[in-house]
Amino acid sequence: MSRIHDMGGRLGYGPVQPQPSEAVFEQPWHARALAVTLAAGALGQWNLDMMRHARECLWPADYMRFGYYEKWLAALADMLVAQGVVCAQELRTGQAMGESPLATRRLSAAAVGPALARGAPSLRSAKAASPWPVGTRVRTLLPARNTRVAGGHTRLPAYLAGKTGRILMQHGSHVLPDSHAHGQGEAPEPLYTVVFDAADLWGQPERAGDEITADLWHSYLAPE
Amino acid sequence: MPHDHHDHDHDHDHPHALLPPDPALRVKALETLLSQKGLIDPAALDAIIDTYENKIGPKNGAHVVARAWAEPDFKQALLADATAVVAELGFYGRQGEHIVVVENTPQCHNMVVCTLCSCYPWPLLGIPPAWYKSDAYRARAVREPRKVLAEFGLKLPEETRIRVWDSTAEIRYLVLPMRPAGTEGLDLQALTDLVTRDSMVGTGLPQSPA
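So the protein sequences, as listed, match chains A and B. Mapping of the first sequence onto the numbering used here: position 150 corresponds to residue 231, and the numbering continues sequentially without gaps. Mapping of the second sequence onto the numbering used here: position 193 corresponds to residue 1524, and the numbering continues sequentially without gaps.
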């Protein structure tokens, strides 16, 4: 059920290559790609969950061969067309067919600082009723999937599907990506950090007692 | 949909295939088109880039860590409600709306990953480095964290448990590394200078004093 982005635990990758003192942006166009994406996002025609889903819906071969910011650009182009902000003809020719009615929403240079400082909090209620206290044993949904939209966006990784863990933290009630990514509203739910024993995930852990945590919404879980 | 100018050998209708294949030209094409339509202001793009190249970066997180080392009350407040504490320091913002700080101890070493994308505490650490966004790190950090740490030159004592935090929601994690030995006399700035970015992700340790 999972898409190509769901990488946790996959085998076959080579070493991680740390570069302790690299530039913030390896290439000038990386910086432009990030900035164009953020500035276009400020038009308010999609939310973060929708954009994540657009990246996840790239053709798998594209997802794997694209670099990080190439994924961003491809998803941005797809989203701009899907939301009717630009049309395919404009993308093809690179020529605008007139000014957009959304131009009044354009992010100005002066508004950048406040917009970045404001962020987009997902917390909707700090005191959400959480029926499961810290320490509760819970089991995750199997298979990992969006239960509202077939093939839809979810934040339950496949490697954690059907596993038993224990609630470690409660975070109040947060916007549910499975709903929010599909225009079905924020549908906030209690969010928990759940801790899993590495042996329960991998069979043979690197070391007995190592742990993995993930932040999971109420509807991803059932009490054991 | 025609895409014969593109190097795809498959047939699909993703609009991004209409853009030029070279990524630098792709950005330029999008930026030009959106500017023509009045949707983006190139000066705003410059301001965004300047923010993450020059204003927001790991020095913010290093300041938080050094204060936690130096001031027990600050550390206690930070571990109890990091979002409120860092917001007071001006380190609230995009991709850092909900912060949790996790403390390394001799018993437990914390390490942060995002297996599904690239979630990272931007207001405290800036834009994530290439390795954090790499397929190898995303795939392997949860399954074989000790091998990954070895690739960073970090070998933990056998008695230390690893807890890997997979950032699957909007909670952003900052690791509070252990204060290095021999730093008792150092002032806040000297402590801050010892805190590396990787030590706050959990793939490294702070530097030792010279």
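It is worth saying that the hints were derived from the structure and are not from the lab. One should not assume that every hint holds.
Okay, the calculated beta carbon distance ranges per label pair [said to hold, decoys possible]:
| id | chain 1 | residue 1 | chain 2 | residue 2 | range |
| --- | --- | --- | --- | --- | --- |
| 1 | A | Gly-290 | B | Met-1509 | 17 to 23 Å |
| 2 | B | Asp-1381 | A | Ala-207 | 31 to 37 Å |
| 3 | A | Gly-290 | B | Asp-1381 | 28 to 34 Å |
Owing to the predicted nature of the structure, the values given are computational and were not obtained by experimental measurement. Idealized CB from N, CA, C, for every residue including glycine.
These are the hints, each one checked on the structure:
no. : hint                                 : in the structure
1   : A:Gly-290 <-> B:Met-1509: 17 to 23 Å : holds (19 Å)
2   : B:Asp-1381 <-> A:Ala-207: 31 to 37 Å : holds (34 Å)
3   : A:Gly-290 <-> B:Asp-1381: 28 to 34 Å : violated (45 Å)
Hint 3 alone, counting from the list given before, is not met by this structure.
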